[in-house]
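Starting from the structure of chain A, add chain B where the hints point.
The residues making up each chain are set out below.
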Amino acid sequence: MTRINWFKYASPATFFPLAGRLIPWFRALAVLFGVAGLYVGFFVAPTDFQQGEAYRIIFLHVPAAWMSMFLYMLMALYAGLGLVFNTRLSSMMARAVAPTGALFTFLALWTGSMWGRPMWGTYWVWDARLTSELILLFLYFGYMALVAAIDDPRRGDRAGGVLALVGAVNVPIIYFSVKWWNTLHQGSSINLTRAPSMAAMMLWGMLLMALCFWMYSIAVILARVQCVIAEREQRSAWLQELAAGEA
Amino acid sequence: MREPAQADVVLAGDGTLFLGLLRRDLLLVYRRRADAVTVLVFFSIVVSLFPLGVGADPNLLRLLGGGVVWVAALLASLLSLNRLFAADHADGTLEQILLSPLPLPLTALAKVTAHWIATGIPLTLMAPVLGMQFGLDGDGLLVLSAGVLLGTPVLSLVGAVGAALTLGLRGGNLLVALLILPLNIPVLILGAGAVDAAQSGLGAGAHLSLLGALLVGTLVGAPFAVAAALRISLD
Chain A
1 MTRINWFKYA SPATFFPLAG RLIPWFRALA VLFGVAGLYV GFFVAPTDFQ QGEAYRIIFL
61 HVPAAWMSMF LYMLMALYAG LGLVFNTRLS SMMARAVAPT GALFTFLALW TGSMWGRPMW
121 GTYWVWDARL TSELILLFLY FGYMALVAAI DDPRRGDRAG GVLALVGAVN VPIIYFSVKW
181 WNTLHQGSSI NLTRAPSMAA MMLWGMLLMA LCFWMYSIAV ILARVQCVIA EREQRSAWLQ
241 ELAAGEA
Chain B
1 MREPAQADVV LAGDGTLFLG LLRRDLLLVY RRRADAVTVL VFFSIVVSLF PLGVGADPNL
61 LRLLGGGVVW VAALLASLLS LNRLFAADHA DGTLEQILLS PLPLPLTALA KVTAHWIATG
121 IPLTLMAPVL GMQFGLDGDG LLVLSAGVLL GTPVLSLVGA VGAALTLGLR GGNLLVALLI
181 LPLNIPVLIL GAGAVDAAQS GLGAGAHLSL LGALLVGTLV GAPFAVAAAL RISLD
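Residue numbers (the working numbering), protein chains in the order written: chain A, 1 to 247; chain B, 1 to 235.
Among the hints, erroneous ones may be present.
[To be verified] One-sided excerpt, in silico: chain A residues whose CB lies under 7 angstroms from chain B:
#1 Leu130
#2 Leu134
#3 Phe138
#4 Ala149
#5 Val162
#6 Ala168
#7 Asn170
#8 Pro172
#9 Ile174
#10 Ser177
#11 Trp181
[To be verified] If you anchor each label on the Cβ, the simulated ranges turn out as follows:
#12 B:Phe42 <-> A:Arg117: 35 to 41 angstroms
#13 A:Ala237 <-> B:Leu98: 33 to 39 angstroms
#14 A:Trp6 <-> B:Leu40: 52 to 58 angstroms
#15 A:Thr122 <-> B:Gly205: 31 to 37 angstroms
#16 B:Gly13 <-> A:Pro99: 43 to 49 angstroms
#17 A:Ala28 <-> B:Leu49: 36 to 42 angstroms
#18 A:Thr14 <-> B:Asn82: 39 to 45 angstroms
#19 B:Val41 <-> A:Ser11: 52 to 58 angstroms
#20 A:Glu241 <-> B:Arg170: 31 to 37 angstroms
Everything labelled a hint here was simulated from the structure, so no lab data went into it. A quick note: this is a predicted structure, and the numbers were derived from the prediction, not measured. Note that the Cβ used here is the ideal one computed from N, Cα and C, for glycine as well.
The shape of chain A in the complex, shown without the other chains:
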């Protein structure tokens, strides 16, 4: 019995073509889930009796907020793997995840303020969730700025890894301190927690959109990691052969 080589795709040379083969599939799935999710969100899900039609932005807002947090943890995980096992591909993946995570954080804030205007009458409140999302965006920016400022790619990978791990340890502390700060300051004038019973169709719409965002993220991250690999390995023989074969 032949043993499975678990580390086959840990090398950029084998991962690069695999990523290229996978991207179209995830792209197609993202479009599929996106169309289904938007259809459910706009036409199937019932109108909310309290919030009217404006609540429908939930189908973008909540999945974006989920992704923003998942992706930070994913980035920290890859960064940690890169530090511990010294695998180049892990650090490249961490680099590739960061901009997509920052994008979703920004989207969550943006759609949140679009939603807040009709519901609360203001684009921004210093609510605990909004504030911690904003700080998360700053953490993404910090990681990206540090990695971009270091010319030596290997040093950049490892410095970014330390920062991502320190940030990941800090995220829960920041979340709880911000939550506490908020409750101490302004009481519960605005309550963000939704009604406990949510129409099944609303939940389905959100889940479909979350799947769409996942597929989109995977496709984009794979494409970005291909760029990172191509930039780093431009002098390696396998990439030049690949390029010659495609030309």
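Same frame as chain A, but now just chain B:
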């Protein structure tokens, strides 16, 4: 019986090295006193700007006082971070220090301790004076000083991670601010919250306890992160 005795010798050596490094860093600060004083002047200028910006209404200032002093302390501590490793890195001393038998996290802790003695303690001593300008009264001032005393070591420890990561980079100072300020938000919230709680008669015990917990946690974790960052930067 031999091995414990040997370990004792090594430990004693570590203690001597630790104290030696601490003494050296403090001596360097003492020889360049102007640098340390600049941080304090910056601290008091930033605090004095707020009444000019928001108006001199005593009630408003009393509400803002704790937060303003804390934000200024955060910025002042940030400003002094480049002294932590940059000069030693520029003249090559840092590499020699890294070669010493003292474990790297302890080396980092010695340097951070020196940094805190040179900036954190003066900031703690000055904070109540500035708080008085904002009309904070006895209890509030006491809590402010206690909070700054507990919080500034956290600022120095977390700041050291940022300073070590950005060693020798272009625009390192600005980058440190971007990396470190979001991580220091809990200190700011707890410190300013403690003053607020004391002023409104709620009692600041919970805030100060959490600040102390944060200090203990950072004291355990941060030296290892600083050591990892130094190894990466000097590779």
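Verification of the hints:
no.	hint	verdict
1	Leu130	14 angstroms, violated
2	Leu134	9 angstroms, violated
3	Phe138	4 angstroms, holds
4	Ala149	5 angstroms, holds
5	Val162	5 angstroms, holds
6	Ala168	11 angstroms, violated
7	Asn170	5 angstroms, holds
8	Pro172	10 angstroms, violated
9	Ile174	6 angstroms, holds
10	Ser177	4 angstroms, holds
11	Trp181	4 angstroms, holds
12	B:Phe42 <-> A:Arg117: 35 to 41 angstroms	39 angstroms, holds
13	A:Ala237 <-> B:Leu98: 33 to 39 angstroms	37 angstroms, holds
14	A:Trp6 <-> B:Leu40: 52 to 58 angstroms	57 angstroms, holds
15	A:Thr122 <-> B:Gly205: 31 to 37 angstroms	34 angstroms, holds
16	B:Gly13 <-> A:Pro99: 43 to 49 angstroms	48 angstroms, holds
17	A:Ala28 <-> B:Leu49: 36 to 42 angstroms	57 angstroms, violated
18	A:Thr14 <-> B:Asn82: 39 to 45 angstroms	43 angstroms, holds
19	B:Val41 <-> A:Ser11: 52 to 58 angstroms	55 angstroms, holds
20	A:Glu241 <-> B:Arg170: 31 to 37 angstroms	36 angstroms, holds
When held up to the earlier numbered hints, the structure conflicts with 1, 2, 6, 8 and 17 and fits the remainder.
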